[in-house]
Amino acid sequence: MRELAELLNQLRDAGVIVNYALFGALAQMRYTEPVATVDADVLVGVPEPERLDALGEIYKFCAARGYRASGEGIQVGAWPVQFIPVFSALTREAMEKAATAEFEGLAMRVVRPEYLATIALSTGRAKDDQRILALLESGKVKRDAIAALAARHNLSAAWKRFEKRFLRD
Amino acid sequence: MTDAKKLLEKQARWQRSRKKLSWEEKIRIAEAVREDVAKWRAASAKHTSIKARGKRASRSRS
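Which chain is which? The protein sequence lines are A and B, in order.
For the first sequence, this note's numbering begins at 1 and goes up steadily by one.
For the second sequence, this note's numbering begins at 1001 and goes up steadily by one.
Calculated from the structure, these hints are not laboratory results.
The list that follows gives simulated cross-link-like pairs (lysine to aspartate or glutamate, EDC-like), each with its CA atoms no further than 20 Å apart:
#1 B:1010 to A:50
#2 B:1039 to A:102
#3 B:1010 to A:128
#4 B:1006 to A:53
#5 B:1020 to A:72
#6 B:1039 to A:6
#7 B:1006 to A:57
#8 B:1019 to A:128
#9 A:127 to A:33
#10 B:1039 to A:3
#11 B:1019 to A:72
#12 B:1010 to A:48
#13 B:1010 to A:57
#14 B:1010 to A:53
#15 B:1006 to A:72
Let the sequences and hints guide you as you build the complete structure.
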């Protein structure tokens, strides 16, 4: 993972990406009990998001440094890595407001728990419901924080449904 | 903004491909990343306890 932290910081310093933040299960594990994962998801902001091949420059940069493709992603050390360009106002904000964590002395940006929960709310699969519950249970995020973010991103109805289904007091 | 639908489809393809991996391969990957995950979790716990200590200290000062 040290290699991944180095690569992400290099991508940003070289201007290939504007910014990045870990999300998905790897980010979740920063806040909750460990969950099963076999890959690292990285939200990235790219300089030209309207380009059809928005990730092309990232792949080129990685290939030039000897990282090989692994399906739809790239293998970085032990980690299969999937780069996901920010795809909504919510994911952009999640990336921009990410926390900075430290891994073996290197800075690594990680999506904050309230954003992880709200992104999970926006996708709405069963595993996303589990993610929200795990984050709430960890105490790292409060219901109010999710409700406020959900309201700002037109997800209040989804949050109300979630509360009714899973959080009836 | 990049075409969100296309991206979600791509992500779904990726997730399907990960799901299809054999158990042997999944275990191999889990073993390969285990040490990193342990360090990642330990760093998180350390960060949380430092933050809690900081909060306690500022409460006792006020």
